[in-house]
Amino acid sequence: QRAQEVVSWRTYVEQQEKMKKDLEVIEAKQKEHRVEYEKQQQKLAHLTWRQRKAVLYKANKQLMFSRPKEKTEMDENTLSVIVKGDVDGSVEAILNILDSYDCEDECKLDIVYFGMGDISENDISLAEAFNGVIFGFSVKANESIKKLADKKGIKIKLHNIIYKLIEDLKDELNSRLPPTLVETTVGEASVLDTFSVTVGKNKIPVAGCRVHKGLLDRKMKFKLIRNRDVIWKGCLSSLKHHKDDVQVIKTGMDCGLSLDKNLEFSIGDEIICYEEKEVQQTTSWDPGF
1 QRAQEVVSWR TYVEQQEKMK KDLEVIEAKQ KEHRVEYEKQ QQKLAHLTWR QRKAVLYKAN
61 KQLMFSRPKE KTEMDENTLS VIVKGDVDGS VEAILNILDS YDCEDECKLD IVYFGMGDIS
121 ENDISLAEAF NGVIFGFSVK ANESIKKLAD KKGIKIKLHN IIYKLIEDLK DELNSRLPPT
181 LVETTVGEAS VLDTFSVTVG KNKIPVAGCR VHKGLLDRKM KFKLIRNRDV IWKGCLSSLK
241 HHKDDVQVIK TGMDCGLSLD KNLEFSIGDE IICYEEKEVQ QTTSWDPGF
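The numbers in UniProt numbering rise by one with no breaks, and the one at position 102 of the sequence shown is 102.
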């Protein structure tokens with residue numbers, strides 16, 4: 001049993017080291033992307049919006065006619081936008097806000113085109129080529145344009161207030177972020193005694209516990225914590241009150257439990273009952289309002 005516990009501990013340590021190395025690689029890539037993005041922004045910073053329009057058109061013209069496979073790769077974790085406004089000042093104001101976007105490591109924001117006037121067929125074509133979204137400020141989209149957009153599955157977002165347009169754009173960014181798992185603690189118990197039971201030819205370690213917060217629910221997930229380190233995560237193989245199998249143990253009650261992995265308990269270990277929920281991430285970009 002002792003040897004098995006040592007092997008399990010070594011496996012846990014190795015997993016933690018691998019996670020640490022993986023995180024370092026991810027952080028390095030994020031830094032690389034941030035540096036590249038800042039370089040691109042600096043190249044455009046000194047240009048007027050008309051000059052930037054010419055640069056974007058030249059860069060995106062070839063991509064617009066790229067093969068479907070190339071477009072699919074390009075679209076991954078990217079929000080491509082077409083911005084249309086009623087006058088120069090409106091477009092420039094929106095571009096200045098978008099210039100503050102600094103979360104390329106979360107989702108790339110790609111302005112494939114911007115200009116003045118109502119939404120056109122060319123805008124629809126661009127949005128289709130880049131799997132993009134069209135944002136319009138104080139402009140219109142006639143019925144034929146709306147029908148064409150619906151047919152091609154293109155979103156047209158029209159607004160008359162700039163901050164609402166930006167909030168809508170943030171929602172689009174959020175929708176492209178992967179959900180994250182959030183752990184919520186349901187209950188906590190302390191191991192007061194340890195023993196084992198024989199099942200067939202196997203001895204199964206059992207922890208005698210007392211719940212001191214919340215409840216233990218057998219259908220939830222559990223963690224075994226020793227000296228503040230998580231040494232196991234998984235499910236229970238049994239949960240008993242006296243000799244009876246139970247589903248739930250509440251605060252103040254004693255119980256015996258065993259894990260789905262054959263690990264030895266130590267007096268003073270903590271048992272945490274928790275549930276995992278997928279939560280939609282939100283962009284950390286702050287446009288200033």
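Think of the hints as simulated: they come from the structure by calculation, not from any bench. C-beta atoms are modelled at their ideal positions from N, C-alpha and C, and glycine is treated no differently. Be careful, since some hints might not be right.
To be verified - Taking lysine to any residue pairs in the SDA-like style, the calculated list, with each CA pair at most 20 Å apart, reads:
#, residue 1, residue 2
1, K261, T198
2, K146, G115
3, K164, T282
4, K164, I267
5, K221, S138
6, K219, K201
7, K250, K164
8, K170, G288
9, K213, V246
10, K243, R226
11, K250, D217
12, K250, S237
13, K155, T180
14, K250, I231
15, K213, K155
16, K243, I204
17, K250, E264
18, K240, V230
19, K240, N202
20, K164, I204
21, K164, D254
22, K277, K146
23, K152, T198
24, K240, K277
25, K233, T180
26, K170, V279
27, K155, V133
Stated by the list, open to error - Simulated restraints, written as ranges between beta carbons of each label pair:
#, residue 1, residue 2, range
28, E92, K277, 36 to 44 Å
29, T282, I204, 40 to 48 Å
30, G200, D102, 56 to 64 Å
The hints, checked one at a time:
no.	hint	verdict
1	K261 with T198	15 Å, holds
2	K146 with G115	19 Å, holds
3	K164 with T282	17 Å, holds
4	K164 with I267	57 Å, violated
5	K221 with S138	51 Å, violated
6	K219 with K201	27 Å, violated
7	K250 with K164	47 Å, violated
8	K170 with G288	12 Å, holds
9	K213 with V246	18 Å, holds
10	K243 with R226	27 Å, violated
11	K250 with D217	9 Å, holds
12	K250 with S237	18 Å, holds
13	K155 with T180	26 Å, violated
14	K250 with I231	24 Å, violated
15	K213 with K155	48 Å, violated
16	K243 with I204	16 Å, holds
17	K250 with E264	24 Å, violated
18	K240 with V230	23 Å, violated
19	K240 with N202	19 Å, holds
20	K164 with I204	60 Å, violated
21	K164 with D254	55 Å, violated
22	K277 with K146	37 Å, violated
23	K152 with T198	65 Å, violated
24	K240 with K277	27 Å, violated
25	K233 with T180	18 Å, holds
26	K170 with V279	17 Å, holds
27	K155 with V133	5 Å, holds
28	E92 with K277: 36 to 44 Å	42 Å, holds
29	T282 with I204: 40 to 48 Å	44 Å, holds
30	G200 with D102: 56 to 64 Å	60 Å, holds
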